[in-house]
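All chains should be modelled from the sequences, with the hints used to inform the complete structure.
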Amino acid sequence: MMIDPLTLSIFVPLFGAILTFVFPRVATVSALLAVLGTCGAVFVLALKILAAGEVLVPLGGWAPPLGITLRADGLSVAMLAMTALVGLLVSLGALESLRDLRQRQYFWPLWLLLLTGMNGVYLSTDLFNLYVMIEVIALGAVGLTVLSGTREAVRAGLEYMYASILGALLFLMGVGFIYLQIGRLDFAGLIAAEASGATSAALALMVVGLLLKTALFPLHFWLPAAHANATAPASALLSGLVVKAALYIFLRLSTYMPLPDETLVTLIGALGAGAVLWGGVQALRTERLKLLVAWSTVVQIGLIFIAFARAGQAGLTESWKAAAVLILAHGMAKAAMFLAAGRIKDEVGHDRIADLDKSEIRPTLAQFTFAIAAISLIGLPPSLGFIGKWSLMEGAMAAGYWHWVAVTMIGTLMSVAYFSRVFAGFLRFDRMRGELSEHKGWALADVAPLTLAAAAISLGLMAAPILSFIELGYPFGAAP
Amino acid sequence: MTETPFLPLFILLTSLLASPILFALPESAARLRTGINLGVAALKVALVAWLGWKVSQGVIYDVSFTMLPGLEFKLQADPLAILFISLSAILWLITTVYSVGYLERGPHRARFFGFFSLCVAATVGIAMAGNLFTFLIFYELLTLATYPLVIHRGTAEALRAGRIYLIYTLAGGLVLLLGTLALWVLAGTTDFSPGGVLDQVVTENRLAAQMLFVVLVGAVGVKAALVPFHAWLPIAMVAPAPVSALLHAVAVVKAGAFGIMRVVYEVFGIETAQALGMTAPLAAMAAITILYGSLKAITQDDIKKRLAYSTVSQVSYITLGVALASPIAAIGALAHLIHQGLMKITMFMAAGNLAEGLGVKKVSQMDGVGRAMPGTMLAFSTAALAMIGLPPLAGFVSKWYLAQGGLDAGAGWVIALLLGSSLLNALYFLPMLHRAWFRDGKEQDGDAPAKQRIGWMLAAPPITTALMVLAVGGFANAPFSPLEWTRFVVAIEYQE
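Heads up: the protein sequence lines correspond to chains F and W, in order.
Residues 91 to 570 in this note's numbering are what the first sequence lists, from first letter to last.
Residues 226 to 721 in this note's numbering are what the second sequence lists, from first letter to last.
In case anyone wonders, no lab produced these hints; they're calculated from the structure.
Ideal Cβ positions, reconstructed from N, Cα and C, are used throughout, including at glycine.
Footprint (simulated), chain W over chain F, 3 or more residues, beta carbon under 8 Å:
| no. | stretch |
| --- | --- |
| 1 | 460-473 |
| 2 | 482-490 |
| 3 | 493-504 |
| 4 | 545-557 |
A partial selection of chain W residues facing chain F, derived with a Cβ cut-off under 10 Å:
| no. | residue |
| --- | --- |
| 5 | R336 |
| 6 | Y364 |
| 7 | R388 |
Following this line, the structure appears as structure tokens:
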């Protein structure tokens with residue numbers, strides 16, 4: 091009973107986390123094995139989904155509402171697969187970049203805890219379980235934020251922790267209201283329940299909590315500092331994966347408890363537009379490379395919410411696909427970009443954008459990776475980011491919502507502007523004080539981000555199979 | 226008759242796959258890099274020749290796979306595509322030789338040739354794109370591949386130029402994305418098809434179709450350097466000479482002009498575009514660009530800038546020929562796509578040689594350069610005279626057909642425009658020739674840069690292309706000349 095891939099994809103990383111914490115000497119090996127094991131479980135699960143559409147596993151044999159059921163469909167497996175792929179490559183990239191013993195000792199258990207929580211979110215079918223999982227994630231994520239031990243990182247980590255706790259509390263209050271109101275917390279129960287003023291209030295609490303956790307403008311205040319000051323692998327995980335958990339719950343929740351009216355959908359989109367514009371302005375102004383990358387996350391989160399709202403309430407049954415594609419694309423591209431930015435910072439010795447071109451050392455491969463990841467984030471063809479942006483604009487245009495098209499286009503132009511600030515630093519050569527150092531050739535730590543960035547680009551060519559995969563099991567079409 | 230579709234794919238992949246190999250080669254592996262470059266370029270010319278032969282026999286190639294529901298990534302090898310890829314394959318080979326000579330000891334050669342190769346792959350993709358969606362993909366790839374070439378020197382000036390270039394072309398690309406989406410939403414297809422795909426939309430919503438025309442033509446007009454979207458082209462002159470040569474003759478501006486053809490002929494269809502009342506404004510825009518570019522060229526002292534404004538003017542001949550909506554003018558436009566490429570690449574390579582060999586970068590320094598570099602200047606002079614339109618050189622042939630087309634379309638002003646433009650061409654080219662051949666060079670001062678030998682890899686390419694300028698004009702009616710192929714294409718686009 092325990093050996094099904096759903097359970098495994100939660101418990102393998104959990105046992106890995108415990109193992110790496112108790113036996114730090116073998117932490118690296120056991121962590122890699124745990125991540126590989128998770129990848130294997132997700133792969134088997136993907137095959138099952140391809141055959142069956144959806145897979146349900148009642149834990150301990152108890153059916154809801156009494157027991158807990160795990161459920162996988164196309165969307166959740168796509169998220170699991172993205173998490174596993176990004177996780178594996180970030181783990182490989184982390185092998186070289188974790189500096190001291192303390193970082194190594196704590197990185198692996200925290201990261202595996204995080205993976206447990208992420209996988210748990212993607213497979214849960216009831217609200218309380220989701221609450222537990224986002225707390226598990228928060229535990230791992232806050233730990234990863236402060237791992238570098240610098241003063242800025244600790245301060246940012248604290249701020250992140252307060253935001254995270256507040257978000258979780260709001261979510262928990264919402265969950266409590268729901269339980270008082272309808273007496274059930276499983277998704278099937280939510281669908282069956284009648285909407286009332288009280289459930290709407292509960293939904294509002296939960297949504298605000300989730301938006302705080304996913305850092306949608308104007309609740310993004312904690313994100314840039316937290317993501318920019320962590321060590322590179324931690325930043326990659328936080329930006330590429332962690333913010334997606336709350337985003338995913340929001341997407342799911344919007345099906346089981348539909349947003350009560352059109353204005354709210356528009357409001358969500360408007361907040362997304364605010365994120366795109368404000369984040370873009372900040373990215374144009376910031377002086378640090380990693381902060382720029384972090385602000386780009388704020389922008390991309392906003393874009394995903396615009397995708398969600400692109401065609402209003404009536405279009406939600408299709409719009410989630412555009413949002414999902416953008417989530418997948420951002421996960422890979424942003425993880426690649428943070429790893430590459432970390433490599434650049436390590437090689438050059440600083441990450442001040444204005445002084446990048448003064449360096450005689452040019453980590454060419456990391457810079458190339460950064461540029462490729464930027465192509466997907468800007469949304470240029472044929473990347474997966476382009477497919478997401480195409481779907482967003484197509485739906486908005488077909489529904490006649492031209493304002494979303496306009497915001498997306500402005501956001502794209504702004505992203506070109508702020509990323510080309512960085513390219514100028516890579517490609518200018520007349521401010522160096524000495525001779526250009528000889529290109530050092532390949533470094534193992536460059537392979538992981540380059541693979542991720544290449545995946546973000548080339549998966550765009552496979553958009554049709556990806557789109558039909560995430561629809562398996564009707565995540566948003568029919569009731570489960 | 227349909228054959229296995231791999232030939233167009235091979236032609237695309239030759240340069241696409243060469244690119245990562247070239248990136249990965251160490252700077253010091255110069256011989257291997259040159260070998261790969263020339264080998265792939267030669268292979269591509271051979272493959273294109275074979276493809277052209279097959280297509281002239283009536284074989285239809287069609288490669289496609291589904292990228293999004295209902296939307297395909299599609300390559301096709303229609304005669305119009307053959308016209309453009311022949312140009313790019315042949316000129317790529319020649320420019321590769323030239324670049325190897327030009328950058329022999331410079332830095333960042335691995336990066337340069339990697340992007341150079343990618344750039345040609347993008348051009349080939351643009352040529353063979355079977356629908357607007359695929360066209361868009363390669364159109365953006367072309368921008369991304371040319372940006373590192375434009376800023377190759379890595380100076381502050383180069384980066385400033387690069388930023389302007391990137392903003393113009395990516396903004397154009399974004400508008401093209403908007404237009405492609407709108408086409409997809411309105412018509413439910415983005416396929417290129419002679420006669421157009423929009424007939425139903427036009428009857429239902431004429432205004433939307435007109436706006437779509439403005440958006441699409443405006444978007445590709447950025448790369449075609451139509452006034453007022455031309456400002457990036459003269460600024461992008463900071464690029465190394467082979468890059469300018471390629472940008473002006475084959476890649477970027479031609480991609481724009483080619484895009485205008487695809488949009489007018491195969492998205493709207495020439496009759497529909499005419500019925501929408503959109504061809505006349507386009508012709509007016511082209512006419513303004515032709516005059517404006519020539520007028521600006523006269524005032525430039527920098528040789529490359531003068532040539533750049535000349536490109537702004539000359540490329541709009543193509544747009545003009547399309548917009549006149551007459552099959553005869555269309556022949557002129559298509560022929561000019563080839564002819565202008567040959568002429569302009571000759572001049573840019575010659576200008577590069579002057580800068581390399583004599584340090585001459587300005588028109589005012591050109592006194593007596595004809596005697597110093599006779600081969601290069603003979604090539605330059607041939608191309609300049611052809612550009613002015615001296616019969617029977619290449620430029621004359623295109624102007625002749627454009628003028629005839631103007632009469633055919635009942636637009637007599639075209640004759641006046643062409644005469645005026647030729648006069649302006651003469652005004653900015655003849656003084657250069659006069660200085661080069663009929664004035665004595667100043668005595669070399671001690672501090673003047675000494676004359677350097679430039680080597681055959683720089684000397685031969687412009688002479689080769691100059692001979693081609695002579696050939697395409699002199700043998701314009703021979704089978705398989707660009708002009709003959711052009712007639713074949715026009716018969717298809719006008720569905721005769």
